Amino acid sequence: MSAGRSRLECLLEQGHFAVTGEVGPPQGAGAEGIRHHTALLKGVTDGQNLTDNQTAIVRLSSIAAAVHVLAAGGEPIIQMTCRDRNRIAMQSDLLGAYSLGARNLLCLTGDHQSFGNHATARNVFDLDSVQLVKMARELADPGIFQNGDPIAAEHRPRFFVGAAENPFAEPFAFRVRRLAKKVAAGARFIQTQAIFDLPRFARWMEMVRDAGLDRNTYILGGICPAKSFGALRHMSTVPGMVVPEALLARMKGVERKKQAEEGVKIAVEAVQELRRIPGVAGVHIMAIMWEEMVPRIVEEAGLLPRPL
Amino acid sequence: MIVCERKPLPAILENLAGRRRAVVAGCSECVTVCHAGGEKEVALLRDLLLLARPDLEVDTIVLTRQCDGEFLEALDALAGEADCLISMACGVGAQFLAERYPCTWVFPAVDTRFGGGARRPGVWEERCGFCGDCVLHLTGGICPIIRCSKSLLNGPCGGSQQGKCEIDEAIECAWQKIHDRLEALGRLDLLDVVLPAKDWSRARDGGPRKLVREDVAL
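So the protein lines, in turn, are chains P and C. Positions in the first sequence are counted from 1; adding 3 to them yields my numbering. Positions in the second sequence are counted from 1; adding 30 to them yields my numbering.
Excised from the complex, chain C in its bound form (with noise of 0.2 Å):
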């Protein structure tokens, strides 16, 4: 899932400066499950502007999915009441909104942080860096690039000790792991092979991304 935390709310009340009506938009899928932007956060979010700011007109609403236009028609009558939208989705939601409504203020309440999963409640960890050229079959299904401070594709660095990372011992040197684990299962030639540059074009780098699929396509 795309994992976000709620921005101080010192920050949200600084973009409402100057606003009188707003609509705290939460989103029904990752940030629900991450508990930044799901029902129980928006309402949250709604009472504290309310206690910091009791001038201001506050609705509140719930998208299926903010990053799917199909979804974004359930907000169009609140949306044109009010001279704000505040997104609790990820940064995706946010920008869908602002594209629906060019004419509105839309900013966010949260920080999208990484993409990565619950390793147990309250504890979540990053897992993808959005790459775009798995490498995971090649590194034992331990990502190198987003879990190992460095990006490493051909082993650790000269910091790694006692399977910690040196830049924080409370990150795991994914290079130990890797090694660990391709041990394990009895396929540590996998890691003599020098592997090349990254095609790094398919990553950020490469500009903004966009995938066609014709098959689905209407």
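So here's chain P without its partners, still in its complex pose (with noise of 0.2 Å):
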């Protein structure tokens, strides 16, 4: 158990650039997966999200899986989605999650359950994902329940508290806003959404930076990196992720058996331009069901060793 601070934390105090992962909780009671995928991202990656039941298909709950992956030496960040859970919920699971030895979070709103495998769920959404983030930094200070209640000093949850945004998502203009919001709540470091149109995003960062927020939250760029023409093509129609055409032309001409090689290629390339991006301090890597192909992402894009 980790008594302490945010290990990610304080590799981002200290500057360095940060590079994440993404492990996906199975959809069973088994712990391998998870145990075996720290093990090949723990090297490589100074944290691990655990996605909350994404895109509302049930799964092995995060903070479960938190505590696997800390068992296994990971870093785990936990996700929490504002979809399945109220406010009561919510903070029994942060008080929870803490004391098993998680120290990240990342709040968001959560993908619609008609996008899952229970469509006729009911769905909570009693706080949204601004809200969550002020909930979660005022459980630490000034250490109050969402109520108002003081928590004793000694048993306060002092996350790593972080947020998603997506800068492929419209309105474009209001994008930034909302980043606003969410630093304003408390959001120290921001997951962006996969970055394909680099254009885009870098245009998106000048707003970010004129707003001064890179000042005042971590952004870490979002990386997916695709395994064909087929995964890149599905990745466009997703609600809110944009592949420029050029992109996937330029998959398209690769012939089948290199895609994969060519998907390793343009993260790396993608990895390297986000790193020439004033003020972003690092990037995510979501390789769900690709994750053995992360320690070579990283090493190709210059990334190793990671610090200690």
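Just so you know, the hints here were simulated from the structure itself, not pulled from any lab data. Please read all numbers here as calculations on a predicted model, not as lab measurements. Heads up, the beta-carbon is just placed ideally off N, CA and C, and yes, glycines get one too. Warning: the hint list may mix true and false statements.
To be verified - Pulled from the structure, derived: some chain C residues nowhere near chain P, Cβ distances all over 12 Å:
{"no.": "1", "residue": "Asp141"}
{"no.": "2", "residue": "Cys158"}
{"no.": "3", "residue": "Asp222"}
{"no.": "4", "residue": "Val246"}
Stated by the list, open to error - Calculated lysine to any residue pairs in the SDA-like style (CA-CA distance at most 25 Å, straight line):
{"no.": "5", "chain 1": "C", "residue 1": "Lys194", "chain 2": "P", "residue 2": "Leu201"}
{"no.": "6", "chain 1": "C", "residue 1": "Lys228", "chain 2": "P", "residue 2": "Asn150"}
{"no.": "7", "chain 1": "C", "residue 1": "Lys194", "chain 2": "P", "residue 2": "His237"}
{"no.": "8", "chain 1": "C", "residue 1": "Lys228", "chain 2": "P", "residue 2": "Arg140"}
{"no.": "9", "chain 1": "C", "residue 1": "Lys194", "chain 2": "P", "residue 2": "Ala124"}
{"no.": "10", "chain 1": "C", "residue 1": "Lys194", "chain 2": "P", "residue 2": "Pro242"}
{"no.": "11", "chain 1": "P", "residue 1": "Lys45", "chain 2": "P", "residue 2": "Arg180"}
{"no.": "12", "chain 1": "C", "residue 1": "Lys194", "chain 2": "P", "residue 2": "Pro247"}
{"no.": "13", "chain 1": "C", "residue 1": "Lys207", "chain 2": "P", "residue 2": "Arg180"}
{"no.": "14", "chain 1": "C", "residue 1": "Lys207", "chain 2": "P", "residue 2": "Cys13"}
{"no.": "15", "chain 1": "C", "residue 1": "Lys37", "chain 2": "P", "residue 2": "Thr123"}
{"no.": "16", "chain 1": "C", "residue 1": "Lys228", "chain 2": "P", "residue 2": "Ile91"}
{"no.": "17", "chain 1": "C", "residue 1": "Lys228", "chain 2": "P", "residue 2": "Met238"}
{"no.": "18", "chain 1": "C", "residue 1": "Lys228", "chain 2": "P", "residue 2": "Met210"}
{"no.": "19", "chain 1": "C", "residue 1": "Lys228", "chain 2": "P", "residue 2": "Arg38"}
{"no.": "20", "chain 1": "C", "residue 1": "Lys194", "chain 2": "P", "residue 2": "Met210"}
{"no.": "21", "chain 1": "C", "residue 1": "Lys194", "chain 2": "P", "residue 2": "Arg236"}
{"no.": "22", "chain 1": "C", "residue 1": "Lys194", "chain 2": "P", "residue 2": "Arg180"}
{"no.": "23", "chain 1": "C", "residue 1": "Lys70", "chain 2": "C", "residue 2": "Gly121"}
{"no.": "24", "chain 1": "C", "residue 1": "Lys228", "chain 2": "P", "residue 2": "Val179"}
{"no.": "25", "chain 1": "C", "residue 1": "Lys207", "chain 2": "P", "residue 2": "Arg203"}
{"no.": "26", "chain 1": "C", "residue 1": "Lys228", "chain 2": "P", "residue 2": "Gly146"}
{"no.": "27", "chain 1": "C", "residue 1": "Lys194", "chain 2": "P", "residue 2": "Met238"}
{"no.": "28", "chain 1": "C", "residue 1": "Lys194", "chain 2": "P", "residue 2": "Thr240"}
{"no.": "29", "chain 1": "C", "residue 1": "Lys240", "chain 2": "C", "residue 2": "Asp229"}
{"no.": "30", "chain 1": "C", "residue 1": "Lys228", "chain 2": "P", "residue 2": "Arg88"}
{"no.": "31", "chain 1": "C", "residue 1": "Lys194", "chain 2": "P", "residue 2": "Ile60"}
Dock chain to chain to rebuild the complex, using the hints, since each chain is given by itself in its own frame.
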């Protein structure tokens, strides 16, 4: 059990260009996959996100998964969405997660349940992601529950709290304003949606810098390596994701057997491009179902060894 | 208005199994306006029931308002003869009938869909979620509680694209609309405020609601 602060927070504060990865908990009660993926990712990433019933499909809980990641020597980043729990359950789970050693928290709205495998479920959305960030921060400082009741100073959960932002969703002009709200609510780090349209991301970062937000939060650019043309094309159809035509054409032009290789190349180029954009504090590599490729991407992008 | 939609005929017939004499009770308010349970729909349902169940006796009536105790008396005589009442009003009307006739089987012939209005003939859209704590003054007159699929109070989620909601292209993103309208009104500053967690106790979450107004009480 990690008693102290978030390791990810320390690295970012020290000015290291951070690398985070992602582990998708299984649709079953087995933890072998989590341990296996942690082993793959822990030496090459500074934190591992545990998705929270991603795309509204029932999976092993992100908090339980975080315990397995800790046991395997990783640095878990718990994802928490607003879809399935009200403020009572969320706070309770945050206390529990902290007591189990989790130190990083990513606050999300959550995919609508109509995308998942329980489309007839009721959704909650008692809070939105901005309110969740605020609540999570206030548990530590000033140390109150959402209703204002105090928490004993020695038992306050002091998470390193982050949020997500999608520079490719709309209204484009509103995205930076909304990011500013998340930062004002207390988001210390931001992991973005997968970036394929680098010029658009650069434009967004310029707006972020103009608003001074990069000085108040750590922005980690999202990287999603595509295994094939089919996978890339599928991503281009996901709401809120933009894949430029030129990139689709590039992948399509590569013979099928070599597309995975091209996917790695595209990801590495994107990481290198992001490193050159002022205000970008790191990358978040989302290689769900392709975790074994993360070490190579990090290495080829020149980001090894990771700081201890 | 309360927008309703008639249930499929087999579902209504299922509830009539073993019944011999029914009253189809319409309402002159919302369900008349949204063509679900007014005079025309009551007559149509009676005809459909008689076609499917020639053995059934069916009376009809259209009450001024099923959601208002004082207008239910008009149904007393017919209700006394029947072994079931079929309400074509909203769920409020059906429950008012059930309360008035404790020994008579009452069931709904419509589904109460939402609080909304008619965009054009034949198209109704939801506008109010009855949350009990209106925020329209903060959101440019567009309700994020009911028109955003996730009831977000602090801006759009990451799935908003080209003005559409991530769950269905036929649904407009409420936050895109709020943004555009506040921009046109020169009030984008309203979007910079972090709105606090909503007090849901004034909504259904606070338990069944009751409103008492001494000034209009008799």
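Consistency of the hints with the structure:
At roughly 16 Å, the least C-beta separation between C:Asp141 and chain P is larger than 12 Å, which holds for a residue marked as non-interface. A cut-off of 12 Å between C-beta atoms confirms that C:Cys158 is not in contact with chain P; the least separation is 17 Å. At the 12 Å boundary, the C-beta of C:Asp222 falls inside the reach of chain P, the nearest C-beta of that chain being 6 Å off. The beta carbon of C:Val246 is kept farther than 12 Å from every beta carbon of chain P, the shortest such distance being approximately 34 Å.
For the hint linking C:Lys194 to P:Leu201, the alpha-carbon distance of about 23 Å falls within 25 Å, and the restraint holds. About 12 Å separates the Cα atoms of C:Lys228 and P:Asn150, which keeps this hinted pair within 25 Å; it holds. Simply put, C:Lys194 and P:His237 have alpha-carbon atoms about 19 Å apart, close enough for the 25 Å limit, and the pair holds. Pair hint C:Lys228 plus P:Arg140 holds up; C-alpha atoms about 18 Å apart against a cutoff of 25 Å.
Using a Cα cut-off of 25 Å, the hinted pair C:Lys194 and P:Ala124 holds, with the two alpha carbons roughly 22 Å apart. Under the criterion of a C-alpha separation no larger than 25 Å, the hint pairing C:Lys194 with P:Pro242 is consistent with the structure, at around 9 Å. A threshold of 25 Å between alpha carbons decides the hint, and for P:Lys45 with P:Arg180 the separation of about 34 Å lies outside it, so the pair is violated. The straight-line distance between the Cα atoms of C:Lys194 and P:Pro247 is roughly 20 Å, inside the 25 Å bound, and the hint therefore holds.
In summary, the hint linking C:Lys207 to P:Arg180 is supported, as the alpha carbons are separated by about 16 Å, within the 25 Å threshold. A C-alpha spacing of about 41 Å is found between C:Lys207 and P:Cys13, which places the hinted pair above 25 Å, so the restraint is violated. With a CA separation close to 19 Å, the supplied pair C:Lys37 and P:Thr123 stays within the 25 Å bound. Between the alpha carbons of C:Lys228 and P:Ile91 the distance comes to roughly 14 Å, so the proposed pair stays at or under 25 Å and holds.
Under the criterion of a C-alpha separation no larger than 25 Å, the hint pairing C:Lys228 with P:Met238 is inconsistent with the structure, at around 34 Å. About 30 Å separates the Cα atoms of C:Lys228 and P:Met210, which puts this hinted pair outside 25 Å; it is violated. A threshold of 25 Å between alpha carbons decides the hint, and for C:Lys228 with P:Arg38 the separation of about 39 Å lies outside it, so the pair is violated. Straight-line distance between C-alpha atoms of C:Lys194 and P:Met210 comes to about 24 Å, which keeps the hinted pair within the 25 Å bound.
Distance restraint check for C:Lys194 and P:Arg236: the Cα-Cα separation of roughly 20 Å lies within the 25 Å cut-off, and the hinted pair is therefore satisfied. As the CA atoms of C:Lys194 and P:Arg180 are separated by approximately 19 Å, the hinted pair is consistent with the 25 Å bound. Taking the CA atoms of C:Lys70 and C:Gly121, the gap is near 19 Å; set against the 25 Å cutoff, the hint holds. Note on C:Lys228 and P:Val179: the hinted pairing holds, with a Cα-Cα distance of about 23 Å set against a maximum of 25 Å.
Pair hint C:Lys207 plus P:Arg203 holds up; C-alpha atoms about 23 Å apart against a cutoff of 25 Å. For the proposed pair C:Lys228 and P:Gly146, the alpha carbon gap of about 20 Å is at most 25 Å, so the pair holds. About 18 Å separates the Cα atoms of C:Lys194 and P:Met238, which keeps this hinted pair within 25 Å; it holds. The straight-line distance between the Cα atoms of C:Lys194 and P:Thr240 is roughly 14 Å, inside the 25 Å bound, and the hint therefore holds.
For a cut-off of 25 Å, the pair hint linking C:Lys240 to C:Asp229 stands: about 17 Å separates their Cα positions. Taking the CA atoms of C:Lys228 and P:Arg88, the gap is near 15 Å; set against the 25 Å cutoff, the hint holds. Using a Cα cut-off of 25 Å, the hinted pair C:Lys194 and P:Ile60 holds, with the two alpha carbons roughly 23 Å apart.
Consistency note: the structure conflicts with the earlier hints numbered 3, 11, 14, 17, 18, 19.
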